[in-house]
Each structure stands twice: as structure tokens, then as C-alpha cells.
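Novice: Based on the provided sequences and hints, a complete structural model is requested.
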Amino acid sequence: MTEQIDAGMVARQVAESDELGEPVPGRREVGAARRRKEDARLVTGRTRWTDNIQLPGMLHVAFVRSPMAHARITRVDVSAARRLPGVVAAFSGRDLAAEQGGLPCAWPVTEDMVLPDHPPMAVEEVRYPGEAVACVVATDRYLASDALEAVEVDYEPLPAVLDMTRALAPDSPRVHPEGNRAFVWKFAAGDADAAFRDAPVVVERTFVQQRLIPTAMEPRAVVAQTDGDSFTLYSATQIPHVLRVMLAITTGIPEHKLRVIAPDVGGGFGSKLQVTAEEVLALLLTRRLGRPVKWTESRSEGNLTVHHGRDQLQRVSLAAGADGRLRGLKVDLLADMGAYLMLVTPGVPLLGAFMYNGIYKMDAYDFTCTGVFTTKMPTDAYRGAGRPEATFAIERLMDELAAELGLDPVEVRRRNWIAREEFPYATIAGLTYDSGDYAAATDRALELFGYDALRAEQAARRERGDPVQLGIGVSTFTEMCGLAPSRVLGSLSYGAGGWEHASVRMLPTGKVEVVTGSSPHGQGHETAWSQIVADALGVPFEDVAVAHGDTGVSHKGMDTYGSRSLVVGGMAVLRACDKVREKARQIAAHLLEAAADDLEFTEGSFRVRGTGAARTIQEVALATFAAHDLPDGVEPSLDSDATYDPDNFSYPHGTHLCAVEVDTETGATKIRSYVAVDDVGRVVNPTIVTGQVHGGLAQGIGQALFEEAVYDADGNLLTTTMADYLIPSAADLPEFVTDRTETPATTNPLGVKGVGEAGTIASTPAVVNAVVDALRPRGVTDVPMPCTPQRVWRAIQEAAG
Amino acid sequence: MARITVTVDGVAYQEEVEPRLLLVHLLRDRIGKTGTPIGCDTGNCGACTIMLDGRSAKSCSVLAVQADGAEVLTVEGLAGPDGWHPMQRAFHEEHALQCGYCTPGMIMAAIDLLKDDPDPSEDAVRAGLEGNLCRCTGYSNIVRAVRGGARAMRDAGAVGDR
Ligand code: FES
Ligand code: FES
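Quick mapping for you: the protein sequence lines, in order, are chains R and B. Note that our numbering gives residue 254 to position 254 of the first sequence, counting from 1, and the numbers run on in steps of one. If you count the second sequence from 1, you need to add 1000 to reach our numbering.
Hints in this document: simulated from the structure, not taken from any laboratory. Hints should not be assumed to be uniformly reliable.
To be verified - Mimicking DMTMM-like on lysine to aspartate or glutamate, the simulated pairs with C-alpha atoms at most 25 Å apart in a straight line are:
1. R:K579 <-> R:E593
2. R:K361 <-> R:D198
3. R:K579 <-> R:D629
4. R:K670 <-> B:E1122
5. R:K670 <-> R:E735
6. R:K37 <-> B:E1076
7. R:K37 <-> B:D1082
8. B:K1115 <-> B:E1093
9. B:K1115 <-> R:D629
10. R:K670 <-> B:D1082
11. B:K1115 <-> B:D1082
12. R:K361 <-> R:D408
13. R:K556 <-> R:E593
14. B:K1115 <-> R:E735
15. R:K186 <-> R:E111
16. R:K579 <-> R:E665
17. R:K37 <-> B:E1071
18. R:K670 <-> B:E1093
Predicted, not measured: the structure shown is a model, and the values here were computed from it.
Specialist: Below, the structure written as C-alpha cells:
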């Protein structure tokens, strides 16, 4: 009960701070609902998208792509295309074979993982529809695409490999000569057999995580340029820094001769966390031709060839006592890699391995993941990457367990979750959750949702046999994010670290330039970082400028993904500010003729304790610039760098509740209300946080109800356009009710946790649980995603027998 | 090649265009109006929405030659001497954008929506913006912004006039 009161109070405080808008003088910037600095260029159309770039003499690239899922290439003839007006060059994969290298995979998850060669342009064989087989370079984008038709390609069809289970059969056709099993990865803790032996309840299910297309609104685009010595690549990427290293290794262009720029980037959600064929090929083409080249994908090209997400088959079983307490969990996962292993393809399902236990205590856990090759577009990170799949499985299972035991789904969770006083808590999957208050978030969510009233309405509708049934779905989740402690990544065989870098420069006029290694693509780093710096250095929010996304400006970074920017990159900014302040303190002490230890720093000034003497940080900056009167041996610079490597992941959590109305006659589902109470620790900017939650919800709901990449029996992708692959529109979604509880992280000085993926991770099971809950009295125990009217209707018919 | 005259954001342009050239490519590639982006190739996303003779149109679904003699308004021409258009301000205030890629189209579609319904309900906004997709925001803040922008425009007497 006390927890309920606490939650309400925190939530009210949170709600009040949200309403404050512009900060008042003396009030801290961190926590203020600042409007974003980024917006000015975005609402006026002065944005710099990669496709906006036009350089003198620039050529346009178009790709001939495989119409087949799997085939041997027997002939490519580009000569007719080469003769067309405006066409400057045309190449086949064979023309580029000697120099194109292979696309990298940075995550060899096991020592014996099969890592096939992945040429940027296919040479011998195509292994998924859309794979590039030739390119045309022309003076105009229309002429380039005209010329594609003049390229002649002969294929000798090979069998498509589409179904993961069948792909693992010994007689299956092979995607690669080494076979279709890419790796098997296992994790076990506790004695699972003992936990399942004589367990009063065992719930066993198979869930399909359908294949998704990330669908950032900005299609990918690349511009490459060279002066004959060094190269510049503009790309709509989330990872300019990682990309530079990887491209240097792949193309042989020395790293110091390669500059990578991510201009404004129109969303990513993991899809732009990649080293793409087109990026490599654009560099090779500009090197060959000596002229700038540009490639911009069409949406249909993108649906085929931007890496896909999810696509897992989850066989899961849960053992529990008669009181609903969990004993053990077994997970046997097939993960569709697609045709090749791209940057982190094999690692994505393993990010979920540590999350199947969710927020619950149990005695044993057994996890096996088999990576499987098919003739489809490779999968890779998509918002949540492994964790939505894991959360879906455990949260669906908890609802099934509740049904089995005749318990309320909230109650069954309450009996199993880690209590507030048990933190830090070492989970069965080997992580240490630093903090959380699952009861507080749940109680607040129940209150906002009007849980009891909705349950009463549900009972009434069931009673009177209303054709429109009400379903209530629960999802209590946590996730590991803030990728990541470098040591942990190393122990998982990941190819890089997880630190982040920042530089803070005090300019002579007292303004501040921040250079961050995080690379935003819509999140609002410029605003949030300005808030952190404003507090740390006592300067106005407006006096801070943030630079990012250009390796020529920001030389060092690990970029933006895995909800890591604030908890890793923001911390680097804070640490750099600390160093600036300490340098300034020495100089201020000298100017004030006081001991550095006698100075306190408040509201942007160093003050000598007990006297009125003070110097503002701006005055110190100017004095440092002039350098006329500095202490002996002190450099005339306040500028400082920091590289921050976290000790632990970040564990945001929350409780999401969804009410749906399901028309049992048509199968149509309508979300009636959705409540999300998230706990992301302390918050730098509540407006941005709420925005992240909203967007995450939309994507998670998209998976639950609308989205699916569909390949036909021949291996052709059917969902190549936005008319076929349905992302939710405004008309498909409800108004979201969101709130927060705040349990500060104990692993960083700001007490913050990641938020970028939370909404996506939590919402998919909340929605599907609601759909199943609506139909449970009719004997329905599962509806495969996406829960389209047809699927819902079919589930009702099948249950009716 | 056809010779066309088209006014974009108050400036008249005379261009020689291929009959197949899309209006959005004329805007972006020829006259440098890159504020209007392209999000798809099937007319589904609405990112490219502009005003064509005062009503919204998806500029990827209009040929440049069809715009001959027409008046085009893009997001770049919205702000006036007194600063941003109320709808631009509302999007900023309500945090109705993240990456901002859908924003120009969303703002133009929103302004057009108000021409028929100066005080739209939440449902009316959602239905009215069905042809404009956003992958970042989940739409809640967009809906609020459109209604807030509508209020500001009504207060300024700037809606309903065709
Ligand atoms: S670009 Fe998608 S509708 Fe025009
Ligand atoms: S703000 Fe990114 S697509 Fe709408």
C-alpha cells in the first residue's frame, strides 16, 4: 500500500515538472522540459539530408538487383547500358571482384560460427532477392535508372531456402556450401531439469517473431567524393565512426584518408546501424571514376535490401509451482540470419538471451539459439534487437500461466518479480539489475488504466455475449540497454568496445562547444547535451552548441544504438565538463588569489568561501584565452576530453497495459486505451523521453497488429511497398497515456537509464496479450502476429473447432 | 522537353523539363527546394506533400508539367515576415517531430486539413492525416500540435479562407 502512495506521489511530481516548460532562472536544466534546438531547421525545411547534397560533376548510381531468391549468375553484360546517353560507367560484380572485399560481421558469436564471404556486389551467386548484381553510373538519376534495363543478366535458378526448420534438415538445399546452420549458442544457469521435474504447472508454447522491415522514413542515401588522395563519404547512417573503421578495413582506404559524415539522418531504429554494400560500392566508384557519386534508394529497393528485423521461432516452456511461483524456463530459439551475417546479425538474438527471465526470479534457465541461413535479406538490429522477442515470450507466458492457474495476470507477476528491497539483484541470466521498483510502476499503471473498471466491463460483455469483446493485456518489462561495458562485450566476442567520447571546448567569449561521439538521427542530443552542460558548467542552455556525426569534427565515437547515447555518451559529456571545471578552478584560484580548495562553484561562478570575491566561468575562459596571467605551468586551455566506459548496462523498466476491443464477427481489433508507465531513472528532458516512449509504442504495436515482411513460396518478397508493408498511421493508433516513476540508476552520477527502445520492447506483448485475453473464453490461447482481422477470425474459428 | 512556368514559394521559375519529370524532383534537384523530402515511390507516405494552388498534393505523384502555371507552396515558403507559421510553432511546442523527415509533409497536410475543418476533433485529425506516415513519434504529439496550431490559426483569423 505504501508503494502505491509513493508511486502516485512520484508520478504527480513528474507530471508537474513536465508542465513547467521553459526553465526559470536558477532552476536546473537537467529535468526541464526544454523544447528542442534541432527543430528550427526541421520545421522550416532547412535540413541537410544526404540526398539533398549536390556536388559539381556529381554522378548518380543505380543498381541492377536480383529478381530471384537464389541463383547462379551465368552472364552479366553491361556493354549496351554503357553506350546509352548520359551513362558514364557500368560494372558487374566480376568487374569489381578484385577490389570490393567483403562486408563485415563484427560479432563472431562462437568460435565455429560459419561466416560466409559477403561480396558487396554478387559475383558468382545471388542469395536473396534484391542483391546487387551490377550498377550503372550516369549523369542524372533518371538516366541511371533507364539504363538498368539495358544490362543483361543470365541466371541459373537454384532452390530457395525459406523455412528455418526445413533448412536445418540434412537434405535441405544449402544457402552456402558450409550448410545452413550458422552457429549454436547456449547458456544455462541452475538445474533446469530439476526445475521441470514434477513441476505442478508447465506452460509450453511456440511463438513466431515475424520478420519486420524497419522503415525509417528517410530512405538510405550515400554520397562519395575524392580529391584523388582522401575520401569523404556522406551517408544516412547511425554509425559514422564505426563505419569509418569498417570501411577502412574493407576497402583498404587508409583510415586517416577517409572522412565519414552523417548529415541529418531521418530515423534509423537500427536499420542504419550497418555497413552496407552501397556505402562500400560508392567509395569504389568514386575512386574509379574520380567524380562524386550519389545513390539514393527507392522505398521498394529499401524494403528488399535494408536489413530486416526479428524473424525468430521461439519454443519456450515455463515451469511453475501451484502458487504460480516460477521454477524454471527453457528457451529453444531458431533465428533467421537471412543469406549473410552482416554487422551484428548473429549477436541480435543473443542480446535477448539475457532477458527471457524478465523481471522475475527463478531457479533455472536454459537457452539455446541456432542461427539459420535462408535465402532472404539478412536480419540485424531493429529497435530493441533481441530484447523485444525475449520480452514477448516471457510476458506471453506469464499471461498463459495466469490463465492456467486462474490467477489475475498482474497477481502472477507480483508473486514473481524482484522486490524493490532486493536490488541490486543478480538474475538467473547473469546480469546485475541495479535498481527498480516494479510495484510502483505497476500500481501507477493500474490506477491510470482504471484496471478494475475495465475488468468489470469485460465480465459484463462476456456475460451478455457481446460480439465485441474486451481484452486486457499486461506487460511488465525490463531491458538491458546502454550498450555497453566494453569488458562484457569482449566476453561475448563482440568486435569492439562500448565506450563513448566527448570533448568540451570553452570559447573565449564564454560560449561552449561540445563534440559528441554519439550520432543522433532524431533523438534530440543537441538539446539534451546542452542541458547537461548548462548545469555542469553553469552556462546558459543557449550558449552551448553540439557538434556530431562527422569524423572530421568528432574524431572518436561509438555512435547511437542500443539506448546508449545518454547513459554512455551523456556521461562522457558530463565527465569532460568536470575536467573543464577543474582546470577553470585552478585558474580562477590564481586570479582570485585564493587556494583552489577554498573555491566553491555555484551558478557558473567560482566563489571564495566566506568572501564576496568571485569569477564567472566566462571570465575565466577569457582570461585563459588571453593567457596573460596564468599560474606557472598551466596550459592556456580549458578544453577537455573524456572517454567513458560504463561498468554495467542500464535497466529501465515499466508496466504497460493495453485494452482492445475485438469484433468476434470480423476479427477486427481496435486499441481502446493504452497506458505506459515507464521508469527510466532520472530524466534529463521529460518531453524527449515521452516522445521516445510514444514512438517506441507505435513500433511495438506495429509488430503486434500490422507489420510483416512476407516472402512467397518462390522466395520473392511480396511486401516491397508501403501499400503492402503496413506501418501504423495516425488513424491506427490511440492517444497514449504515459507517466513515469523515477528509480534512479545507481550506476551513473545522473541516475539516468536508457529509453529509446523501451516502448517497443514493452508494447508488443501488451497488445497480443490483450487480443488473446479478449478471446480466451472462446478457447483461444494464442494469435500469431501480426494479429490481423483475418488471423484473429481464424483463431476464433479454430478454437470453435 | 516542355517549357513550364511555375511559381514556388513566391518566385517564378521557367524550366525546360522532360514530360516524365516528377514535380518533387523539379523542386529538389532543379530549383534546390530540398526542404520537401521523398519517403516512398508509391504515393503512400506523404513526406513530399506541398500546396498546389492552395490545396495539398503529394509532389511525387504530380508531374512537373502538370504544375505548369501553378502556384506551389513548400514548407520553405511557410514562414512569414513575423516568423514561423503557427503550425510550425505548434509542431515545435508539442514536440511533434523527432527525425523531422515526415515533418514538412505533415505540416502542409495539417494546414490543408484545417481548410475544411478549422477546429478538428482528435479523430478528425487522425483520419485527416492518414496519408502522412511518421515512424518516430507515434502521432500523439502530432495530433496535439495540429489541434494547437488550429487554435492559433483561428485566433489569428487565418483558417477557413479558401
Ligand atoms: S514521397 Fe511518399 S507520398 Fe510522395
Ligand atoms: S519525425 Fe521521424 S518520421 Fe516523423
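Novice: Run every hint past the structure and note whether it holds.
Specialist: Hints and how they fare:
{"no.": "1", "hint": "R:K579 <-> R:E593", "verdict": "21 Å, holds"}
{"no.": "2", "hint": "R:K361 <-> R:D198", "verdict": "19 Å, holds"}
{"no.": "3", "hint": "R:K579 <-> R:D629", "verdict": "21 Å, holds"}
{"no.": "4", "hint": "R:K670 <-> B:E1122", "verdict": "16 Å, holds"}
{"no.": "5", "hint": "R:K670 <-> R:E735", "verdict": "12 Å, holds"}
{"no.": "6", "hint": "R:K37 <-> B:E1076", "verdict": "18 Å, holds"}
{"no.": "7", "hint": "R:K37 <-> B:D1082", "verdict": "20 Å, holds"}
{"no.": "8", "hint": "B:K1115 <-> B:E1093", "verdict": "22 Å, holds"}
{"no.": "9", "hint": "B:K1115 <-> R:D629", "verdict": "65 Å, violated"}
{"no.": "10", "hint": "R:K670 <-> B:D1082", "verdict": "43 Å, violated"}
{"no.": "11", "hint": "B:K1115 <-> B:D1082", "verdict": "22 Å, holds"}
{"no.": "12", "hint": "R:K361 <-> R:D408", "verdict": "18 Å, holds"}
{"no.": "13", "hint": "R:K556 <-> R:E593", "verdict": "38 Å, violated"}
{"no.": "14", "hint": "B:K1115 <-> R:E735", "verdict": "24 Å, holds"}
{"no.": "15", "hint": "R:K186 <-> R:E111", "verdict": "13 Å, holds"}
{"no.": "16", "hint": "R:K579 <-> R:E665", "verdict": "66 Å, violated"}
{"no.": "17", "hint": "R:K37 <-> B:E1071", "verdict": "32 Å, violated"}
{"no.": "18", "hint": "R:K670 <-> B:E1093", "verdict": "30 Å, violated"}
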